[in-house]
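Asker: Take a look at the letters that make up each chain.
2 protein chains.
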Amino acid sequence: MKSKSILHILFMLAQLPAFQLAIAEDGYRLWLRYDKIRNSALLHEYRSRISTIYIAGISPTLTAANRELTAGLEGLMAKKIIDTKNNFNASLVAATKSAAGNMVKTSGIDYSLLGTEGFAIITMRDGKTSKIFISANTDIGVLYGVFHFLRLLQTESDISNLSINSVPKIKHRILNHWDNLNRTVERGYAGISLWNWHTLPTYIDQRYIDYARANASIGINGTVLTNVNANALVLTEPYLLKVAALANIFRPYGIKVFLTARFSAPIESGNLQTADPNDTSVQQWWKQRVQEIYKLIPDFGGFLVKANSEGQPGPQNYNRSHADGANMLADAVKPFGGIVMWRAFVYSNEVPEDRVKQAYAEFKPLDGSFRKNVLLQVKSGPLDFQPREPIHPLFGAMPATPLMMEFQLTQEYLGQATNLVYEASLFKECLDADTYAKGKGSQVSKIIDGSLDKQQLSGIAGVANIGNERNWTAHPFAQANWYAFGKLAWDHSLQPSDIAKEWIQQTFTNDPGFVSATLKLMLSSREAVVNYMTPLGLHHIMATSHHYGPGPWIDNAGRADWNPVYYHKADSNGIGFDRTATGSDALTQYAPGARRALENAEANDEIYLLWFHHLPWTYTTKSGRSLWEELCARYNQGVDTVIAMQTTWATLSGKIDEERYNQVKMLLNIQHDEAIWWRDACLAYFSSVSGRPIPANYQQPAHPLEYYKKLQFRFAPGIGGNP
Amino acid sequence: MKSKSILHILFMLAQLPAFQLAIAEDGYRLWLRYDKIRNSALLHEYRSRISTIYIAGISPTLTAANRELTAGLEGLMAKKIIDTKNNFNASLVAATKSAAGNMVKTSGIDYSLLGTEGFAIITMRDGKTSKIFISANTDIGVLYGVFHFLRLLQTESDISNLSINSVPKIKHRILNHWDNLNRTVERGYAGISLWNWHTLPTYIDQRYIDYARANASIGINGTVLTNVNANALVLTEPYLLKVAALANIFRPYGIKVFLTARFSAPIESGNLQTADPNDTSVQQWWKQRVQEIYKLIPDFGGFLVKANSEGQPGPQNYNRSHADGANMLADAVKPFGGIVMWRAFVYSNEVPEDRVKQAYAEFKPLDGSFRKNVLLQVKSGPLDFQPREPIHPLFGAMPATPLMMEFQLTQEYLGQATNLVYEASLFKECLDADTYAKGKGSQVSKIIDGSLDKQQLSGIAGVANIGNERNWTAHPFAQANWYAFGKLAWDHSLQPSDIAKEWIQQTFTNDPGFVSATLKLMLSSREAVVNYMTPLGLHHIMATSHHYGPGPWIDNAGRADWNPVYYHKADSNGIGFDRTATGSDALTQYAPGARRALENAEANDEIYLLWFHHLPWTYTTKSGRSLWEELCARYNQGVDTVIAMQTTWATLSGKIDEERYNQVKMLLNIQHDEAIWWRDACLAYFSSVSGRPIPANYQQPAHPLEYYKKLQFRFAPGIGGNP
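Here the protein sequences line up with chains A and B, keeping their order.
For the first sequence, the numbering used here assigns the number 1 to the initial residue and increments by one for each residue that follows.
For the second sequence, the numbering used here assigns the number 1 to the initial residue and increments by one for each residue that follows.
No lab work stands behind these hints, which were simulated from the structure alone.
Among the hints, a few may not be true.
If several chains are the same, the list does not tell them apart, and a pair holds so long as it fits within one copy or across any two.
DSBU-like mimics (lysine-lysine), calculated; alpha carbons at most 30 Å apart, straight line [claimed, not checked]: (1) K622 - K287; (2) K295 - K710; (3) K105 - K295; (4) K334 - K79; (5) K655 - K36.
So that you can see chain A by itself, here it is in the shape it has in the complex:
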């Protein structure tokens, strides 16, 4: 294991005098920097409290915990930590219940509350001395507790009287990598895939270990290694050996590996004539494949499947239902404890129905017909990861089926890797939304965590924004979306502002001025991107295919429902998609309470106005402005927020390392240019369609509409292909 060496370097750096701390940082260390505490009073207190540690028990997970704890404490406190090896009198003890001896009783921890992954951290007193006790029912719980404790120090928290119980609310907390076997990443904006299939299984990149550390530090416990647009080759032995090597690296960190299953694999890889899920030879093929997998990877997590969607094969090719397909795979992995995550992201050009209604129409009738080890993975909104969508109507509509949430961390429609957008605001908005499925208080979060319908299985997935860039995510602030996803997956009751704050403290500095200014900037960022891209409920007006930049004029995409004009329906009279009873009536898919809230045009600052309503340009909005004027105002507000972000950032020069300061500054310059481009192109277009001039008090577009229409970005990133 080389992680120790890496951590050593951090420790060394942490010991440098304070005036030299403004050194270059390339972002590789993420939020696990462990630099020396700069608050000297607090440093003194920490040092006086912790000198010796004892981690009871022996296992790869506990070894990882020991290394992380030692390196972390030595870095943060800039002093040598003694591992007592076998002494419960150490100033910090970490142990599972079964290894904790007397401390089980003396600590007073109620282990029955901690489950298989939760942990407790308490300050125990014995006369004048005190000690820290980190405990759990399992080794992985101990590791999670260690990371949590280190976070307390990193954020300069009071540890004099700890009494923490932390248990994840959701069982499967999973990253989805849309990584192809040729290392391109579909919708990836941070270089190429981390997984170097060519040099696996022999060559173990240090990144694999650090990826596992980062995920474990925020409680992520699963990873789907391959793209949902899947390649059957990964299910063959040469690739499974490579997958097994990654699984071996991830295992001590509590992370299970999953793969995407290409539905037609029995044909492509198994030489069968069919992939019909009701065909016994097909079922047998999958069972044998699964046996092979579990022989190599005994704790293999299971499959994620995109079927009959955007050209992917699926059970409907054989006139079988999605349940038939999912259940066949579920039967294959069941003996080994595996699960199947079946995606609900389906829509068809041949169906004349409003695209946002199709998944509900397809899946709701299947409620109750899935095996117990199947989760239905539903995107946050009914369309496709827009800057803002109403919640997906399937949430609450399938009480007999565990629904998994699919968030997208990679910012396909949110400025990709050049825009600073803190997505926790979006995630939280979705998790907090009330489906009214069982009356008021039926929030999406309660469906996802299984509490509303008493589901045994629960899960949440984030489409990863990670690549082989030196700082993992290209934009330094995109690391926050990875971080926030993990934290919300563990505990969806957390507030975006609290998550952002601790992320800033760990990633940059505890300097209060920096933290508060950056926090404000982050919290304003999601509304900014909504405003400069798709205000007032507009959606999917991005350019075709790469989705980079505006394309509201596009009407010639391969399918009607890939065209921006399909979504905004702007003409000389008005704009918006009528999804009320006079239109597609997509609203009918929501429970009455939710429907009322969504249908109300004025609700929520009119954020869903044009998602549900087609309105005349002269429609009077809440502000008193006409719809046209309000649209102009919102686009300009988006740009203004970006300018404010730039202004804020400029005040922070010198408070952090020069390298990341400059990176963010340059990226904000790009974001500023792109926000103006979005505003100008969209307003130029809508102005031409509506025949209404942009009010003179606003900046007029820098170019005529034709200029924007002609812009082409043949090599915009993230296309990826699917080899």
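For chain A, the structure is supplied; the task is to place chain B on it using the hints.
Answerer: Just chain B now, with coordinates in the frame of chain A:
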């Protein structure tokens, strides 16, 4: 400029106590590590000699020199260096002739010998004190001198009595990046392209700066940013703005940017009907394009062109000659001082002639018909970057044309990024080869540096092995090939062993045991790869397309001359390509002296035996063994050398950082597996063709021949495509 911050970190690390130096290193720093000198006596001496510096003059290049010198000295000596700003009494003075005042005379430097890039470094005495003086005619000469001086310290050299004059022998020392606009790299094995076209020109990656530093440190003064399989899009304004941003970064480091010119660009990008070089509208289009380029990049270097080769368009599409095409472009760039590098790598399937003869046949008649600012860029050998080839017959055959050397640093046919192969041995073998063009002593190096034929222009190119992997080249030892190329480009009289030694010292450690063992390992590595892939003059028996692994049995490639069987011609009677008078007579393209040397089957340890001769399996080789037995012996010798490399490396554990030690160890394991694979697959195949068993004293192939033939590597890296 953020490089200072990065360097600061190195400085800090260098100050750590020695016992903590075995820390993780990710390889990003290359050979510019500047860690604290570990020889304490020497450290003391350096410290006593150097405390203050003065770099006279103001320019971006001198600022870069000052930063590098300060950070380097502070790191190496672990002490603060004072910049006197304006005092020739500093203990180290760096100045151009025009800024050096009295020191021009007192130093005794003969500036007339230094040219526009050379430098002098001398120790000057004044009574009891001495000072270091680094001088040159130009700012860039000063920067080169600073890098050279830092290298002396990094290699723990005696600086008490320096008297160094160093002048490059070749004018254009250029990296060729086969990088596509979508960031794939053709024949790239170290991640994707450094050039993030999408975020340029606004976002300046720290890597761009460090790339320039690394190149300047070894004297590379030009870079072709784009693939020879070119895309005309890079010649359009949006891309030129991005190219200009890179040029601005590279300029202070003396590096000019070049682009590849797609010959059909006037059609694709200019909407012309033709790209005929004799068409005035085509000529005009290129002139305007070139004017645009120079408006944005006043010191643009010029074009590299691959034309009428492997599907690329060219002048022959219009029945014009290569000279017509090159001259048209040369006329366009001439007013601005640009050059054209025209590649001689042409061959055609339609021509029934032996492929290795075709470039000579095509270009020799054109000698003397190129413009003065055209260089003909010729690959080292007549085929295609094989582990070993005889020299290209064009060297020496075109006395009226300046010929540029094209080496390939990326190891397309030499184990790609998983095999440790030190290529300086190959480069040197080629540079030292005697063409006999003007009688004995007409070495290739004298043709390349222009001395043999009194050429004004001279150049050397290396196809880069650099990508966005954290350590730039994927294999830590592949950095040595970049380094050695730069050093040989500057001075081809250097010995591979000397270059390797100083590279090891800078990159890893000055520990004599480590240096000598690693040096031996490196120097054995090129002959190893020849032996386990293509011994005795075999060539091009790699698998099709990706060239990963053996494929001697392949006979169904798209073109006859892409098939391994075309090259080895093995059958039951014998093996080898008859290129004597009884065969293709490729030998006739060499001057008589060279021909005699190459034709002699026994010469040079029979290294070219099967390149020039088809021989019976029973042919008696110099060793006394039959040809078949000798082939078996050489393949096994290749594997044995890799095993020896592993054994050597195992003894070096603990002498360097754990991270890179383990990386190399894992990669040697892969190399070992691949060497055995090569040996077993090739001997199994040749055994089946010859009907001769592999002698029982050798390890028999682990699998039957069919196993090797069935292996497929659909996602082997480096294909790249050409979008």
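Asker: Starting from the hint list further up, note which numbers the structure goes against and sort them upward.
Answerer: 1, 3, 4
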